[in-house]
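Q: As they're listed, the protein sequences go chains A, Z and E. According to numbering that gives the first Met the number 0, the first sequence holds residues 0 to 93 in order. According to numbering that gives the first Met the number 0, the second sequence holds residues 0 to 537 in order. According to numbering that gives the first Met the number 0, the third sequence holds residues 0 to 204 in order.
I should point out that these hints are in silico values taken from the structure, not numbers from a laboratory. Where hints are given, some of them may not hold.
Claimed, not checked - Pairs of lysine to any residue residues, derived as SDA-like cross-links and limited to a Cα-Cα distance of at most 25 Å, are as follows:
id, chain 1, residue 1, chain 2, residue 2
1, E, K87, A, H6
2, Z, K109, E, V14
3, Z, K109, Z, L9
4, E, K17, Z, F195
5, E, K108, Z, L9
6, Z, K155, Z, G140
7, E, K17, A, T73
8, A, K62, E, T80
9, A, K62, E, R175
10, E, K17, A, I7
11, A, K11, E, T80
12, A, K62, E, K108
Owing to the predicted nature of the structure, the values given are computational and were not obtained by experimental measurement.
Below, each chain spelled out in residue letters.
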Amino acid sequence: MSEHKNHISSYKSQVIVLLTLLVLTVLTVTITSVHLGPFNTAAAMLIASIKAAIVLLYFMHLKFDEKIYRFMVTLVLAIYAVVIVITFFDYLYR
Amino acid sequence: MTGTSSTHRLPSYLEYQGKYTGIRAWILSTDHKRIALLYLYSQIFFFLAGLVMGLFMKLELIAPGEQIMGPQTYNALFTVHGLTMIFLFIIPGLAASFGNFMIPIMIGAKDVAFPKLNLFSWYLFIAGAVIILIGVFSGDGPPDTGWTFYAPYSLKTNTNVVLSVFGAFVLGFSSILTGLNFIVTIHRMRAPGMGFFRMPLFIWSLYGTAWIQLLATPVVGITFLMVVADRLLDIGFFDPAKGGDPVLYQHLFWIYSHPAVYIMILPAMGAITEIIVTFSRRTVFGYKAIAMSSLAIAFVGYLVWGHHMFTSGMSETARLVFSFLTFLVAIPSAIKVFNWTATLYKGSISLEPPFWWAMAFIFIFMIGGFTGLILGSVSTDVHVHDTVFVVAHFHYIVFGGAGIAFFAALHYWYPKMFGKMYSKKIANWSLIGLFVGFNATYMPMFFLGYMGMPRRYYDYLPQFADLNLLSTVGSWIMATSLIVVIVNLLRAKKLSHEEMDDPWGGRTLEWKIESPPSLENFEEIPVINHEPYELIEK
Amino acid sequence: MEQNHVAHTEHFDPVASKIGMWLFIFTEILLFGGLFIVYSVYRYNHQVEFHLAAQELDVTIGLINTIILLISSMTVAMSITALQLGNKKLTLILLAVTILLALIFLVNKYFEWGAKIHHDIYPGSEFLLSLSKGDMLFFGLYFFMTGLHAIHIIAGVALLGVVFVKVKNGSVNKDRVSLLENGGLYWHLVDLIWIFLFPLFYLIH
Numbered sequence: 000m001s002e003h004k005n006h007i008s009s010y011k012s013q014v015i016v017l018l019t020l021l022v023l024t025v026l027t028v029t030i031t032s033v034h035l036g037p038f039n040t041a042a043a044m045l046i047a048s049i050k051a052a053i054v055l056l057y058f059m060h061l062k063f064d065e066k067i068y069r070f071m072v073t074l075v076l077a078i079y080a081v082v083i084v085i086t087f088f089d090y091l092y093r
Numbered sequence: 000m001t002g003t004s005s006t007h008r009l010p011s012y013l014e015y016q017g018k019y020t021g022i023r024a025w026i027l028s029t030d031h032k033r034i035a036l037l038y039l040y041s042q043i044f045f046f047l048a049g050l051v052m053g054l055f056m057k058l059e060l061i062a063p064g065e066q067i068m069g070p071q072t073y074n075a076l077f078t079v080h081g082l083t084m085i086f087l088f089i090i091p092g093l094a095a096s097f098g099n100f101m102i103p104i105m106i107g108a109k110d111v112a113f114p115k116l117n118l119f120s121w122y123l124f125i126a127g128a129v130i131i132l133i134g135v136f137s138g139d140g141p142p143d144t145g146w147t148f149y150a151p152y153s154l155k156t157n158t159n160v161v162l163s164v165f166g167a168f169v170l171g172f173s174s175i176l177t178g179l180n181f182i183v184t185i186h187r188m189r190a191p192g193m194g195f196f197r198m199p200l201f202i203w204s205l206y207g208t209a210w211i212q213l214l215a216t217p218v219v220g221i222t223f224l225m226v227v228a229d230r231l232l233d234i235g236f237f238d239p240a241k242g243g244d245p246v247l248y249q250h251l252f253w254i255y256s257h258p259a260v261y262i263m264i265l266p267a268m269g270a271i272t273e274i275i276v277t278f279s280r281r282t283v284f285g286y287k288a289i290a291m292s293s294l295a296i297a298f299v300g301y302l303v304w305g306h307h308m309f310t311s312g313m314s315e316t317a318r319l320v321f322s323f324l325t326f327l328v329a330i331p332s333a334i335k336v337f338n339w340t341a342t343l344y345k346g347s348i349s350l351e352p353p354f355w356w357a358m359a360f361i362f363i364f365m366i367g368g369f370t371g372l373i374l375g376s377v378s379t380d381v382h383v384h385d386t387v388f389v390v391a392h393f394h395y396i397v398f399g400g401a402g403i404a405f406f407a408a409l410h411y412w413y414p415k416m417f418g419k420m421y422s423k424k425i426a427n428w429s430l431i432g433l434f435v436g437f438n439a440t441y442m443p444m445f446f447l448g449y450m451g452m453p454r455r456y457y458d459y460l461p462q463f464a465d466l467n468l469l470s471t472v473g474s475w476i477m478a479t480s481l482i483v484v485i486v487n488l489l490r491a492k493k494l495s496h497e498e499m500d501d502p503w504g505g506r507t508l509e510w511k512i513e514s515p516p517s518l519e520n521f522e523e524i525p526v527i528n529h530e531p532y533e534l535i536e537k
Numbered sequence: 000m001e002q003n004h005v006a007h008t009e010h011f012d013p014v015a016s017k018i019g020m021w022l023f024i025f026t027e028i029l030l031f032g033g034l035f036i037v038y039s040v041y042r043y044n045h046q047v048e049f050h051l052a053a054q055e056l057d058v059t060i061g062l063i064n065t066i067i068l069l070i071s072s073m074t075v076a077m078s079i080t081a082l083q084l085g086n087k088k089l090t091l092i093l094l095a096v097t098i099l100l101a102l103i104f105l106v107n108k109y110f111e112w113g114a115k116i117h118h119d120i121y122p123g124s125e126f127l128l129s130l131s132k133g134d135m136l137f138f139g140l141y142f143f144m145t146g147l148h149a150i151h152i153i154a155g156v157a158l159l160g161v162v163f164v165k166v167k168n169g170s171v172n173k174d175r176v177s178l179l180e181n182g183g184l185y186w187h188l189v190d191l192i193w194i195f196l197f198p199l200f201y202l203i204h
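Can you build the whole structure from these sequences, using the hints too?
A: As structure tokens, then:
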């Protein structure tokens, strides 16, 4: 694996990332205080996933690293997702 | 590549004098080869301990009625037998011993990526073993839940569940760190020119195994922590009285424990591949197929855990899904068997002990595999679940498969690791004894299970008596043969370097260096410019 | 014997350490992942009770803690930039702020838990055992998951503390950023877990 020329995140980009995360957090709280039934959970989880993706890509630097890291993270999350889905084949159909 | 004449050899890793002397030179050493031996010796010790427990169980089952122990003792025995054999012998398995020894050498490196972490893994291994031992010999006594610790009984029984489960947790940590170390080592430390598709297939199998160790073990880790929380803090994760679902325990437990069986078998199959290639004296058939099948097994292995739970109360949908996926995972294993056969075909077979051990593996493993299909099909599984049919199946696969591969690897790499050769005649005869004893012990159990004899019972109905007697006598033949195997290895003779450096005509890097290897394996890191298993000039 | 050479050339490979830290993060994802599986199954089976039980939790404290962790992720990311630019003093300040934020998080958690325990809501309490199954499961999961998360915060504080000392004495510096980068990765993981814990426990009303 070759060393990538070192990408240094700027302070400015990090502040922007934080502000984005804070906005999304406030959004989550607002959305879930409105009664949307099952969509509340879906919305909260969707926003949480977006926040997580932002942390992974920017703070954890995945966007600027070699592809192999993104590949590994995706693989692990995929395996985990499949495991949950299969578990629910039991509970959904009992 | 070694370039040294016998008079100028560096001291071997066994003779090397570093900062420490005596026993500290071993338990403080970060040399992957010494750590490998620390694991090897510990694992063989635990195997023998587990063997003794098994023999006592078989002795109780020699005839109907109580012979030498009551049900509580029997239950504790099969629990600790399972814990010992699984967590202390076959899960560290070939990876911790032969993997540690051979990975750096086979990829042309001087050590693993994190040598100190490697030693720490062994410390955790021993710590976990000690914790389990304390659980066996102290306080409320050894657990009687089976190594599977099913809730809610594991939450209620007045035995040392917390200690045992915590010991298993520590062992899991050891396994995770070894997996982490191996993945980084394989990614970062291959010699120049050794791309992924030039690595020996043993390395591929260890790579797949390492990912399973890394990703599956945490799930059982957290499950065991929840069991501890249920027992100590009364939380109620798996206690029905507090809303918990015991079937959820089973899901979480098997989400690890099924991939765990691939931790046991993948390195074994990798070693068998190496042995078959060497003793066919030709290159392997279907290198890419074998490499990819290792990854396929690792991946699909995550999806089939429910086949341990067909009678637990899962939904019908789940049962069908798991059964279908289980049949899928059999395919890559079958691919390996086809490739081994094709490698043997038109090879120039060299009939040495490791070859015979590999043949025994294939025969016994296939019986285990076929009976796995019976268990993978819901309709037949329901009939034999929780009978000794299952016990026979997994002993064929784990003991007859991974266990025999362990000894096959030991016979194969023994000259390399120790610079000594054992009596080949005794090795072959003891294998025959083991083969006969093994089949006499476990084959009857397929029939007994089919006829309805339950597992984990210290007694049985009179109609099962004859086959049980045969099985118990078989266990004596098996145990005796195993003792002969081990004594034969211990009495191996030191031969000359010329004879020991490459006694089999191997085609992988370890056979290009001295036996035993020097501390840093290579005087100079080799540059690889040939395909795997290609015959090259020394 | 022969020359006294070092047993192993201590090779310096920052890529190896980085891969190692990511692999460790994967184990943590699966560790907490198991708990999220338990949570989803029990919530699926006790939806109403989970909704009601969640109302016992204080959204404001949860929100404050979320904001604290998000800011701390930024400060640790900034500390890496600072070190890469050679600004040792700023690096130390940012690390200190990160650790301080973590400690504030823990203090908040202490008060939160304290309030619950004061109201007799804790694992194994008589009161909790008298409630519905859904309630017992909710609070059991709440204490176990936030407790395990808090343990990871403490571990993170210790790790960042070690990094702080090493930056101070110069062994972690502009040309050897690895330990700080990997410490940062671990810290972001702790943040990631909370990003999911917060809505799942506090925002289902």
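Q: Look at each hint and say if it fits the structure.
A: The hints, checked one at a time:
Only pairs whose Cα atoms come within 25 Å are accepted, and K87(E) paired with H6(A) is accepted, the gap being roughly 18 Å. Of the pairs offered as hints, the one joining K109(Z) and V14(E) holds, with about 18 Å between alpha carbons and a cut-off of 25 Å not exceeded. Between K109(Z) and L9(Z) the alpha-carbon distance is near 14 Å, which keeps this suggested pair within the 25 Å criterion. Restraint check for K17(E) and F195(Z): satisfied, since their Cα atoms lie roughly 20 Å apart, inside the 25 Å limit.
Of the pairs offered as hints, the one joining K108(E) and L9(Z) is violated, with about 59 Å between alpha carbons and a cut-off of 25 Å exceeded. Between K155(Z) and G140(Z), the direct Cα distance comes to roughly 14 Å. Compliance with the 25 Å bound is thereby established for this hinted pair. A C-alpha spacing of about 17 Å is found between K17(E) and T73(A), which places the hinted pair at or below 25 Å, so the restraint holds. Distance restraint check for K62(A) and T80(E): the Cα-Cα separation of roughly 16 Å lies within the 25 Å cut-off, and the hinted pair is therefore satisfied.
A distance of roughly 22 Å separates the Cα atoms of K62(A) and R175(E); the hinted pair therefore holds under the 25 Å criterion. Among the hinted pairs, K17(E) with I7(A) is consistent with the structure: their alpha-carbon atoms are about 16 Å apart, no more than 25 Å. A hinted pair counts as satisfied when its Cα atoms are at most 25 Å apart, and K11(A) with T80(E) qualifies at roughly 11 Å. Under the criterion of a C-alpha separation no larger than 25 Å, the hint pairing K62(A) with K108(E) is inconsistent with the structure, at around 33 Å.
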